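Peer 1: The listed protein sequences derive, respectively, from chains A and B.
Residue 342, in the numbering used here, is where the first sequence stops; the numbers in between run on with no holes.
Residue 1621, in the numbering used here, is where the second sequence stops; the numbers in between run on with no holes.
In case anyone wonders, no lab produced these hints; they're calculated from the structure.
For clarity, every value in this text was computed on a predicted model and none was experimentally measured.
Each residue gets a CB set at the ideal place from its N, CA and C atoms; glycine is no exception.
A portion of the hints provided could be inaccurate.
Which bits of chain B does chain A cover? Going by a derived footprint, with three or more residues having C-beta under 8 Å, they are [claimed, not checked]:
(1) 1238 to 1245
(2) 1262 to 1270
(3) 1292 to 1299
(4) 1567 to 1575
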Amino acid sequence: MNEMTKVTTLKDWETDQEVRWCPGCGDYAILKAVQRTMPQLGADPANTVFVSGIGCSSRFPYYMESYGFHTIHGRAPAVATGVKLANPELDVWIITGDGDALSIGGNHTMHVLRRNLDCQIMLFNNEIYGLTKGQYSPTSREGTTSPSTPYGSVDHPASPCAFALGSGARFVARGIDVHKGLPDVLKAAHAHKGAAFIEIFQNCIVYNKDVFEEFAAKKTAASTQLWLTDGEPMLFEKGEKGIALDNENLTLKVVNVVDGDWEAAGVIVHDVTNRSIAHMLVELPFGEFPMALGVLYDDPKPTFESAVVEQNRLASEGKKPDLQALVSKGQTWTVKEGRAEL
Amino acid sequence: MASAAEVNTGKIDAVPEAVVVRFAGDSGDGMQLTGGQFTLSTALSGNDLATFPDFPAEIRAPQGTLFGVSAFQINFGSREINTAGDQPDVLVAMNPAALKTNVEALKPGGLIIADSGEFGKRNLDKAKYENNPLEDGSLAKWQLLSFDISQLTLDAVKPFGLGNKEALRCKNMWTLGLALWMFDRERQPIVDWLNQKFAKKPEIAEANIAALNAGHAYGETAELSGPMQKVHIPAAPSEPGLYRTITGAEAISLGLVAGTHLADLPMFFGGYPITPASAILHHLARYKEYGVTTFQAEDEIAAIASAIGASYSGSLGVTSSSGPGIALKGEAMGLAIMTELPLVVVNSQRGGPSTGLPTKTEQSDLYQAVYGRNGDAPMPVIAARSPADAFDCAIEAVRIAVQYMTPVMLLTDGYIANAAEPWAVPDMSDYKAFPVQHLTEAQDGGFKPYGRDEKLARPWVKPGTPDLMHRIGGIEKAVDTGHIDYAPENHQEMTEIRRDKVMGVAESIDDQQVDLGDAGGKLAIVGWGSTYGPIHQAVRRAREADHNVSHIHIRNIWPMPKNLGELLKSYEKVLVPEMNTGQLKTLLRDQFLVDAQPLNKTSGQPFLIAEILAAIEENLA
Ligand code: SF4
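Input sequences plus hints: build the corresponding full structure.
Peer 2: The following block contains the structure:
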C-alpha cells in the first residue's frame, strides 16, 4: 500500500505481451479484475511491483504494465521481502499458486505472513499443478486422480486460509476468479496495511475443470456462497438462512431466518477483527455450510518493514557513518620506526 | 621457522624469533577466550602473529572427553608470520583429554604446562589413560611442568566468595596470567577488558583479575626452580602506521560495508545461521548507521532470495553461508545470473560433504563455486587468503558485482573466518570509489532492459522509476528487450553473452604476479585461499636452501588472470597444495592444459609448512 495516487485506466495496466494461458482459464478473469481494480486504487504503475514464483499463475507479472519479477518456485515471498525492505515505498503484490505457496514455498508463505510484510498475496488455488501437466497438489481433495495419483490421492489437503491464519496473517480473504466480488476483495486487501492474504478459487479448465463448481456455479450461488461484509449479518440463501454460534459445541451452525428477523435467529454480525470467528469461518466444512467468501478477517498490526526501518533509524540516531573510524575500531596500536606503542 | 625457538636446551631459547603456544582444555574451560586475549596482548606488544582456533562442533561437549577438547594456537614472532605454526613450543593442557589430543603435535623438547588438579581418576578414564601421564614418565621427551592450577585458582579467588563452579571458571585467567608473565606481556589491556566485560558483575571481574595476577605472580616463583623462563620476543619490524587485530569474518563485514560505500549503495544482507558463517551476520547487524539492513531469513534460500529482491530494488544484496547453505542457494544464484542483478555470495567453507565438519576448515567448495549450478551459469569467484586480505576481497567482490551486474562468489574458509591477525588499518582515501548510476531515463533508441554497456552489463533500473517499467525473471530473455524468448538462436546468443560478460571481468583484474620467486623455473607452487601462509613460508625456506621454486597465489579463481596460463607453462613442474582432493588442480588442467600435480590434505586441519616443504623437496629431487 502506498499513499501516492495516480490517474490510470485499465489500458495503462496492459502490457504488449501475448497472454499465454489456456483459453478459458480462470487466470484471465483474475488478470482483468486486477487491471480493472488498479486504477480504482489510484495505483502508480511505476511504483507497483508484482513478484511471482513458478506455475501458471506466476506468469501474471508479464501481463501487468508495472514492475514485475518472475522468480523461482516458491520463493516469491522471500524475494518480495527483500524488495520491500530495500524500498518500503513500493506497492508489492505477490502472485502465487497452491503448489507454489503451500508446497515448495510453504515455509516462505508462513514467514511472510508471520512477519507481516506489507504486501498483497494472491494465491490462485486451482487444486492442481497446471504447468507441469496436471499432478495433484497440496490442496487437491482426497481421491484426486492425476498422472501421479492414478489410483487417487490419499493425503489430506491443506486449507490455504486456515494455513494463513495459523501463520499469523492479519488479513484473510477469499474470492472466485469470475465472480464480480473479487475487485472489492482486492481493494480491501490493498487498503490493509500489512500482509493481506487472498485465496482465489481459480478454474483450471484443462486439468481440473470446474472443481469448484459446487459453490462457484452461478445458478446455485445463493445457497452455496456466504459473502461476508463487516458489520453485516452473516446471511445467505436470499436472507433466509444465516450463520449463528452453536454455544453448546462452540462451533458455528446454520439457522433459518424467519421473516427477515435474523436477530431473533441469532445470526452473527460479521466483525472482521474477530479472530476466533475467523478461525471457524476458514474451517467451515463445505456442504454442511456454504463457502465463506469475501473478507474473513482484517485486523492490522504493525508491519515488518516499518519495524525494520524504525529500528535502523533508532540504531543510527546520533551516529555519523565514518568508514575510517569504523575500520580503526577496537584495540589498536601504532608502529613508529619498528616500535609498537599502545 | 614458525617454531623457530630451539628447545634443545630444555628451556625456550632466551631470544627466539618466534614461538608457538597452544592452549588446550575442555570446551567449557574458556580456551578460545584465553587465546583471544593472549592474541590481543601479543599484538599490542608489536609481534606479528597468526592464530588457529580449533574447537569441537558440539556447543557443550561432555566434560573431560577427548572430543570435547577446544584448542587455540598462536604463532608470534619478531618477523613476518604467515601461519599458526607447525609444532607448538609450549602446550598448556588443562585436563588429560587436552594433553592426550595435543601432546603429539608438541615439538620434541617442548614445554608442557598441565593442571595436575584435573588429572584425577575420572578424567584420566575419560581420556582413556590407564596411568597418570604426569607421573609415569611417558612424557619424557618433553619438559613437563605440572601444578594444581585448579587449587591455585581457588585460593586466589577465595576472597570474592564465589561458588566452587564460578571460582573454577577463573582458571583460564590464571593460565593467561602465567602466559603473560612467560612472554613478558602487559596485563593492563586484559584487566581493562575484564572490567568492561563484567561491568555489571564487579565481583566476577575482580576475581578474574585476581586469578590473572596470581598466575602472573606464580611465574616469578616457578622460574626459580623449573624449566620455565621468561621470554621476551622483540616487536616485529613492521611498516609504521596504525594496527589492529582482525578476524576474517570481521574483515569481510568491514569490506562489504566499505565496498557498498564506495559503490554509493545501501547494503541488504540476508543470512541464515550456519557455522562458521554466522559471524558475518552478527557483525553487520551492528552497522545500521552505515546503511546496512540485515535480515535473518527463515532459511538459506530465503536469505539469498531476499538479497536478490533487495538488489532488484536498488540496494546491493549480499548473502553468506557455508557449503550446505550454498548448495541450497544454487537455484537462486541462477536467477541472479539470468536476471543479471548484482549480488555478493560469501562462502565460508568448511569440511564436507553434507554436514561434514562444521567447525573445521576445508577448501572443497571450489567446484561448487565455479560449476555448481544448473545450466551454463557463469559467475565470478574470488578467494581471500587471510583475514586481512578478506577486506580487500570483499571490496573487489562488490566492485565486480555492480560493474558487471552479476552475482559474485567470495570464498573464505573456517580458518580465515575465525583466525585473527594484525591488520594495518587502511587509509580509506586510498580506495577509488566506483559509484553506481541506476538508470533513470531511457537510453537513446529507447529503453532496453537487456541492452548492454561496453562491459556487457545491462542497465540497473530501480522499481519506482517512472516510465521504465519492465519485467524480469528466470525464463530465458530476449536480447535487448528482455521479453520471454525460447527461440534457439536467442538462447545461443544469450548464453554466449552471459559467458562473455563474466569472462570479460578478467579485463578489470591485475595480471597474475609471482608471490615469491621468479617467473619461470623448475617448480611453481600454486595455491589459493588460506593455504597462502604455509605455502609462502615453505617456499621461502626452500629458496633459502637454494631451491628453484616459486609461489603463485591465485585470488581470482573465475575468471582467472589472462596471463596465468602462460605463466604456469613457464615452469617445468606445477604443484597445487589444496585442502581438498584437487579442485584447483583440475581447473588449471582444464583451462590451460598444464600438468598441474596435486598435494592434498583433507583432515580439517591447515597444512603444515613442513608438509609442503617435503613436497617441494620431493618434486625437485
Ligand atoms: S493449465 Fe490450467 S491453470 Fe494453467 S493456464 Fe491452462 S487452464 Fe490455466
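Peer 1: Could you run down the list of hints and mark each one as holding or not?
Peer 2: Against the structure, the hints:
1. Chain A is given as covering the stretch 1238 to 1245 of chain B, and this holds because 8 residues of the stretch bring a CB closer than 8 Å to a CB of that chain, at least three being needed.
2. A stretch counts as covered by a chain when three or more of its residues have a beta carbon under 8 Å from one of that chain; for the stretch 1262 to 1270 of chain B and chain A the count is 3, and the coverage holds.
3. Note: the stretch 1292 to 1299 of chain B has 5 residues with beta-carbon separation from chain A under 8 Å; the three-residue rule is met and the coverage holds.
4. Only residues whose beta carbon comes within less than 8 Å of a beta carbon in chain A count, and the stretch 1567 to 1575 of chain B has 0; fewer than three means the coverage is violated.
Checked against the numbered hints given earlier, the structure breaks only hint 4 and satisfies all the rest.
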